[in-house]
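**Q** Here the protein sequences come in this chain order: B and D. The working numbering puts the first residue of the first sequence at 63, with every later residue one more than the last. The working numbering puts the first residue of the second sequence at 703, with every later residue one more than the last.
Think of the hints as simulated: they come from the structure by calculation, not from any bench. Among the hints, erroneous ones may be present.
Claimed, not checked - Short derived list, chain B residues pointing at chain D, Cβ under 7 angstroms:
| hint | residue |
| --- | --- |
| 1 | V246 |
| 2 | A311 |
| 3 | L431 |
| 4 | A433 |
| 5 | E547 |
Just so you know, even glycine gets a beta-carbon here, dropped at the ideal spot from N, CA and C.
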Amino acid sequence: MRPGAALRSNLLPGLLAVVAITFAGCSNDSSSTQPNTVSAGSNCDLSYTLTQNPVLIGSDPLLGDQWHLINTGQNGGTPGEDLRAAGAWSFTRGSGVRVAIIDDAIELTHPDLYPNLVPGASRSYRNGNRGSVWPVPCIKAEDDHGTAVAGLVLARDDNAIGVVGVAPRASLVGYDALSTSYDVDIADALTRDSQLNAIYQNSWGSPDDGHLHPADAVFSAAIQSGLLTGRQGKGSIYVFAGGNGRCFAVSKTRECQDDNSNFDGYVNQRGIVTVCAVDDKGMSPWYGEPGATLTVCAPSSGSSPVGITTTALTGTYESNFSGTSASTPMVSGVIALMLSANPSLTWRDVRIILARSARRNDPTDAGWLKAADGLQFNHKYGFGVANAQAAVALASTWSSVGGSAAMKTCDSPQRTPSLPLPDVTPNGVSTPVSDSLSIAGCDITSIEFVEIFFTATHTYSGDLKVSVSSPAAAVSQLANARICEGSTRDSCGAYNNWRFGSMRHLGETANGTWTMTVTDMSPGDTGRFDGWSLRLYGR
Amino acid sequence: MTASLGHLPACALAALLGMPAAMAQPVPGPFDSSRIETVSKRPAVAVKSAPTTHAWHDGTAIRMLSLDPTLEAHFAAGLLPQDRVLRPAGSTARDAAAQISPVLRDESGRPRSLPGGVLVVLKTPMDEAGARALISQAGAIPLHALSDRLWLIQGPVGLGSLRLANQLQAAGLFESAQPNWWMPRTLK
Numbered sequence: 063m064r065p066g067a068a069l070r071s072n073l074l075p076g077l078l079a080v081v082a083i084t085f086a087g088c089s090n091d092s093s094s095t096q097p098n099t100v101s102a103g104s105n106c107d108l109s110y111t112l113t114q115n116p117v118l119i120g121s122d123p124l125l126g127d128q129w130h131l132i133n134t135g136q137n138g139g140t141p142g143e144d145l146r147a148a149g150a151w152s153f154t155r156g157s158g159v160r161v162a163i164i165d166d167a168i169e170l171t172h173p174d175l176y177p178n179l180v181p182g183a184s185r186s187y188r189n190g191n192r193g194s195v196w197p198v199p200c201i202k203a204e205d206d207h208g209t210a211v212a213g214l215v216l217a218r219d220d221n222a223i224g225v226v227g228v229a230p231r232a233s234l235v236g237y238d239a240l241s242t243s244y245d246v247d248i249a250d251a252l253t254r255d256s257q258l259n260a261i262y263q264n265s266w267g268s269p270d271d272g273h274l275h276p277a278d279a280v281f282s283a284a285i286q287s288g289l290l291t292g293r294q295g296k297g298s299i300y301v302f303a304g305g306n307g308r309c310f311a312v313s314k315t316r317e318c319q320d321d322n323s324n325f326d327g328y329v330n331q332r333g334i335v336t337v338c339a340v341d342d343k344g345m346s347p348w349y350g351e352p353g354a355t356l357t358v359c360a361p362s363s364g365s366s367p368v369g370i371t372t373t374a375l376t377g378t379y380e381s382n383f384s385g386t387s388a389s390t391p392m393v394s395g396v397i398a399l400m401l402s403a404n405p406s407l408t409w410r411d412v413r414i415i416l417a418r419s420a421r422r423n424d425p426t427d428a429g430w431l432k433a434a435d436g437l438q439f440n441h442k443y444g445f446g447v448a449n450a451q452a453a454v455a456l457a458s459t460w461s462s463v464g465g466s467a468a469m470k471t472c473d474s475p476q477r478t479p480s481l482p483l484p485d486v487t488p489n490g491v492s493t494p495v496s497d498s499l500s501i502a503g504c505d506i507t508s509i510e511f512v513e514i515f516f517t518a519t520h521t522y523s524g525d526l527k528v529s530v531s532s533p534a535a536a537v538s539q540l541a542n543a544r545i546c547e548g549s550t551r552d553s554c555g556a557y558n559n560w561r562f563g564s565m566r567h568l569g570e571t572a573n574g575t576w577t578m579t580v581t582d583m584s585p586g587d588t589g590r591f592d593g594w595s596l597r598l599y600g601r
Numbered sequence: 703m704t705a706s707l708g709h710l711p712a713c714a715l716a717a718l719l720g721m722p723a724a725m726a727q728p729v730p731g732p733f734d735s736s737r738i739e740t741v742s743k744r745p746a747v748a749v750k751s752a753p754t755t756h757a758w759h760d761g762t763a764i765r766m767l768s769l770d771p772t773l774e775a776h777f778a779a780g781l782l783p784q785d786r787v788l789r790p791a792g793s794t795a796r797d798a799a800a801q802i803s804p805v806l807r808d809e810s811g812r813p814r815s816l817p818g819g820v821l822v823v824l825k826t827p828m829d830e831a832g833a834r835a836l837i838s839q840a841g842a843i844p845l846h847a848l849s850d851r852l853w854l855i856q857g858p859v860g861l862g863s864l865r866l867a868n869q870l871q872a873a874g875l876f877e878s879a880q881p882n883w884w885m886p887r888t889l890k
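Chain D with its partners taken away, still in its complex shape (with noise of 0.2 angstroms):
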């Protein structure tokens, strides 16, 4: 887990106890800068060679992602993907049914991966009869429905999804379409 648990503070603790942040622990006590991660200002450099990137759309803004090679998430029943869903890239799959999408990172760093399905929002709200039939007209299949305006699509496990979603933004038919992300939220 990525997480810095209700417990404080967890990038600085982290850092201070040489762990991932969701293993920091709580240490309530008076603030001490001498323990917390030092960083400093790095100027702006030209990327030697360009990271493989994919885009996505986030409503009407368009978000680039790159690929981290060094990871892969691992998705399968039974695991915990919160904070064990993420493997070194060519580990041997815990679960033999486990499925396997790359690792991206955002802007920020942070991980984002694929496990499947692809998440519309309608332009305007639907009984689910003519939801049903706006995503089918799209080429895609209708899972569930999360709200009048937002429905869940069978997308596969992987870039798959990603791509499946940016086909179905670029059809008009929709307000937005994006991929289902796994994504690591912080505790706070």
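Isolated chain B, as found in the complex (with noise of 0.2 angstroms):
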């Protein structure tokens, strides 16, 4: 058990087992010979029988805790602050919908996560098991990651043990390729049985430490082919964290300095839906990292003792689980609900669904802004909270704008202002420096999203604050300046030719004057302003 962790064992467990689970000290794989036992491979410490029984009825015991799904104040929280979840219920809870799961293994035979199971249809990439259907957990101590965020998506309702999903008659898949970490494995679980797959789970991403962290070229070619033929044409959705990196370390004065989820090549590029945190009060926690990459959010731990309730290894719970590990398995539920009420639903339209039917949180934070069609984005919040009720209800009558193939792209003309990046004063004074495009005869009329590639040659790049304007005079803040950690490393990456994702200009028109504004923020470093560009994606 972590320390801190509140791990429960099953209220009622001569009730109730799905499966009962046997625990092995370290088994070797031919126990998998045995018809009923589940191996995760060598030299595990976890083993599982699987024995078949009826899931029972009756109401979730720890459904209660779950302030996540409906937020009644119980633990000191605000009302409200939720996912809305119950409200969606009533219309669908997520069957016909294939939620694949990857992470580092899956409890299958959890008893609040078998009974949602595609029997067959999952993976195990660890190198002892590879090809088996089974990516469990192999050592207790370790392996704890993906059963706690596949609760939080599809966890079994009424079945009266434990906890409930956002979407709790969703069908699981899961995929461990977390557990080997090859391209290969990651490439090939975001691509797995796409036709049937409909939403991929991921609460993985680079290291939150104010690096530049680039996206190898299969990772994004892995990505552009399930958006373009998954599901038949209307694509996969994919569903990554937006990272825990606000404050990721303090400088020697104690000023937090903060990660930005644009210095992650996962999820800044077209087709993630990125996910925040907030927490039981609405608010952004304090590991809340910023970007304009960010979808929406959805609730986790905070300031206060408060996490989140869900499954974990042999056959528990914990209520403790937290970051935005827990948050993008909630939306990812509420994926899987609209997708149930109208499954015609492309890649875009869940995008476009998600922001408008967000529920704007904190609102008296200074960082909303006026946005297109009515919106308001935030750098700390993307569009707002996920509204599982209003999404579902809006996609129910959603009118498609279609996939990929109907998708358009519009280039800007490449700048190469060279432009020099003057230091900081003594008096501490900074001078942003501007270069300006202007994109004529782009037929996009309503963007729904904006890569920015930039480029400057820097002595430290992390003095660096980025912000690209749009004609409609709205700013999405690309980079903030921080300070990076490091032994062997000067600076906080290249910024060579780096590509920078936007949501916040969703529903604008192309057409018109785009600036970039570039301001050295800290002394003793300088540079130059080389070169940007733009590529526009919308209808």
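Two chains, each in its own frame: build the complex with the hints.
**A** Given below as structure tokens:
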């Protein structure tokens, strides 16, 4: 048990086991030959014995602890600061939608998950057990992440045990690609059974350390393949965690250094639903990582010791799951509800509906900015907190904007201003440096995503604050200044045609003047603003 | 595992607890900046002795890696790579069948290693027969397709697969060719 974890036993163990789980000591792979035994592979301290029993009917005893679903203020939070999930359940609970959990391992035999399992569809990539359909946890002390994630998406409802997922009748597929962390396994998991899996849930990414972390081209190729061909051309839905890197470190003067989701190459590209976290009062938690790439937030832990209750290893439950790891599967669950209500939604529809149906939390926060179509955007919150009830209602009547094939793309001219970036003066004055470009003749009248490619030469790239403003005068904050940790590095990574992404311009028109502004915020290093360009996506 | 668990916040708590990030445990509670790692900006300095560097093609970009002489990666069936693959250089393999690869670090200092295999992106979608013929024409051995454009090709554990990837990239038959990297991902 992890320190601080509230690990609980099934409250009614004698009544309800869908699967009885037997734990062995160090087991051998040979046990997998026994028909009712599931092996995680060699050198594991967990193994599982399946015993088929009927799923019972009854209320879920831990539902009251799941404030993220129904927040009544039970732990001192603000009533109503939740996903509004109960309001959606009268319409759908996610049946007919397959959700693939890509994680370290998933305890598919958990009594609250097994009823929703798609038989034979999961895959283990773990070295000793490649090709198994049981990507179950191997080491009790380590492989606990994916099981917690899965429960938040789709733990079974009304089965008289444990918790409830956001989409409790959605179908579960598990891929343990992070157990190997090979590029080939990640790419395989992101594209496997893409005609059958609707949603690929990913509570993982790059380190939250302020450095620029590009995603390999193979990752992007897998994502673009899924968007184009998945779900019979409607596109696979990729949901990723936005990160926990706010205040990832402090300076000698105790100033927080913040990561930004735009420094993570997995989430700064087209087609990713990027998820942020809010606490039980609807506020950004102290780890809440900002970014123009954020789509919507969902509940998680925060300033008070109130975490998220979900499934845990060996058929039990925990109450302190946290971070954007917890928020992300909640949004995957909301999307499962949307797709259950309207299976014809494309990946583009899903993103737009999430944004339009989101609930504006923390309404007095100064970071809320006016956006197109009457929306508001906040670099801490995206378009707000996912609202399952409103999203399902909107999805039910939605007229599709089409999939990848119908998406329009416009590329701006490549600008090469080669402007010097003045250092901060001794009295602390920074000088912004700007360059503009004009887009004309682009037939995008409603932007869905913007990619901004930026090149600068600088002796400490972390000094730079970068933003872009649109013809509508809407500003995307792309990079904040920060100091990066590390003993072997002299900077936070080179801006060499670095791709930033932005959801902030959703619904705007492409044509007009766009301006990029770069400001050196810290003394001691200088450089040049070499070049930039835009790629706009929309309809 | 270099992961931060889904249980916050790894990098900061790891420093606090004096342990690797993977070992950091969740401590939900009020923020206290005094418990978080302190960083300072270091001036850019010339590297006195350049480390051994390697280049690889990430799509159209060329990325540089430096050899980390202190570590090696052990790949073998039964090992759990994400958290146990990195070992001190010269250490005895846990598994006699383990294959050992050098550890390289990218610009951010993140480790990568080479468990074997090369991933190629085809210039256009192809059926299986066509893709196998094209890969064979390039002098490589196709293993299996991940999509109609993405293929895994046979390659050795270690720097041999990096060399093969660079050769395939230079041959120009594919949109891109890169090693099948092992690289830790962070659980959020």
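**Q** All hints are to be evaluated individually against the structure, with a verdict given for each.
**A** Okay, the hints, checked on the actual structure:
no.: 1; hint: V246; result: holds (5 angstroms)
no.: 2; hint: A311; result: holds (4 angstroms)
no.: 3; hint: L431; result: violated (25 angstroms)
no.: 4; hint: A433; result: violated (26 angstroms)
no.: 5; hint: E547; result: holds (5 angstroms)
In summary, the numbered hints that this structure violates are 3, 4.
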